[in-house]
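Q: Each chain is listed here by its residues.
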Amino acid sequence: SAVISQKPSRDICQRGTSLTIQCQVDSQVTMMFWYRQQPGQSLTLIATANQGSEATYESGFVIDKFPISRPNLTFSTLTVSNMSPEDSSIYLCSVAPKGGTEAFFGQGTRLTVV
Amino acid sequence: SQELEQSPQSLIVQEGKNLTINCTSSKTLYGLYWYKQKYGEGLIFLMMLQKGGEEKSHEKITAKLDEKKQQSSLHITASQPSHAGIYLCGADYSGGSNYKLTFGKGTLLTVNP
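In the order they appear, the protein sequences are chains A and U.
Numbering-wise (this note's numbering), the first sequence opens with residue 2 and increments by one.
Numbering-wise (this note's numbering), the second sequence opens with residue 14 and increments by one.
FYI, nobody ran anything at the bench for these hints, they're computed from the structure.
Heads up, a few of these hints could be off.
Here are the computed lysine to any residue pairs in the SDA-like style, where the Cα-Cα straight-line distance is at most 25 Å [said to hold, decoys possible]: (1) K49(U) with L112(A); (2) K113(U) with Q108(A); (3) K118(U) with A97(U); (4) K8(A) with K51(U); (5) K40(U) with T45(A); (6) K49(U) with S10(A); (7) K51(U) with S43(A); (8) K51(U) with P94(U); (9) K40(U) with S60(A); (10) K118(U) with L46(A); (11) K99(A) with L74(A).
Using the sequences and the hints, build the whole thing.
A: Structure follows, in structure tokens:
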């Protein structure tokens with residue numbers, strides 16, 4: 002398994018500002034992903050965070066809005082840029098440990114944009 | 014339409030009762046993950062199924078993947094208030110070492126003491 006620390010756990014932000022969410026894993030992982038869970042909805046994959054290269058975004062998500070960094074095999078950040086109330090969601094980091102077969106999730110960041 | 018359908022959307026049971034949650038895919042699954050989520054929190058990994066006909070158990074929770082690998086069921090025996098939460102199934106449609114998951118909308122389980 003993997004222990005994932007996601008920060009912050011929650012935040013209330015003003016529209017037009019940006020928030021950076023951090024995901025730290027206690028071991029090296031092959032894959033890191035960022036998901037969004039809008040109120041009352043299921044999880045939607047935003048992007049795959051690639052170590053040492055640009056993230057791979059899913060349809061409907063763009064780098065300008067959700068820039069992602071992954072400087073090493075244990076850490077990634079997701080920035081939610083120029084926020085609007087529609088960005089109010091839970092954002093979750095997911096990892097797949099090296100040699101493992103499961104995908105684990107962090108505790109999530111509950112974002113409210115006012 | 015949804016690739017992954019979960020049923021029921023919500024379920025209220027009396028403590029001690031058994032229950033089943035279903036997850037049906039519109040296409041063949043490479044892997045099927047079950048998670049539990051407390052309201053507004055992260056996901057707790059329960060089980061992952063890959064082989065058709067596979068069945069796994071953890072404490073009082075059993076999950077099966079049918080032979081055609083298009084449907085999975087999660088069964089809780091003698092439910093307890095601690096089982097309450099949102100149960101999500103996640104599908105791996107890519108195979109390999111991808112781990113990109115498509116999720117169902119979840120089943121909200123309430124267990125009344």
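Q: Indicate, hint by hint, whether the structure satisfies it.
A: Right, here's what the structure says about each hint:
Distance hint between K49(U) and L112(A) is fulfilled; the C-alpha atoms sit about 21 Å from each other, no more than 25 Å. Restraint check for K113(U) and Q108(A): the C-alpha separation of about 18 Å stays at or below 25 Å, so the hint holds. In summary, the hint linking K118(U) to A97(U) is supported, as the alpha carbons are separated by about 16 Å, within the 25 Å threshold. In summary, the hint linking K8(A) to K51(U) is supported, as the alpha carbons are separated by about 18 Å, within the 25 Å threshold.
The suggested pairing of K40(U) with T45(A) holds, with an alpha-carbon distance near 18 Å, which does not exceed 25 Å. A distance of roughly 18 Å separates the Cα atoms of K49(U) and S10(A); the hinted pair therefore holds under the 25 Å criterion. Straight-line distance between C-alpha atoms of K51(U) and S43(A) comes to about 13 Å, which keeps the hinted pair within the 25 Å bound. Between K51(U) and P94(U), the direct Cα distance comes to roughly 12 Å. Compliance with the 25 Å bound is thereby established for this hinted pair.
The straight-line distance between the Cα atoms of K40(U) and S60(A) is roughly 20 Å, inside the 25 Å bound, and the hint therefore holds. For the proposed pair K118(U) and L46(A), the alpha carbon gap of about 13 Å is at most 25 Å, so the pair holds. Proposed proximity of K99(A) and L74(A) is supported: the alpha carbons are some 10 Å apart, at most 25 Å.
Consistency with the previously given hints is maintained throughout, with no hint failing.
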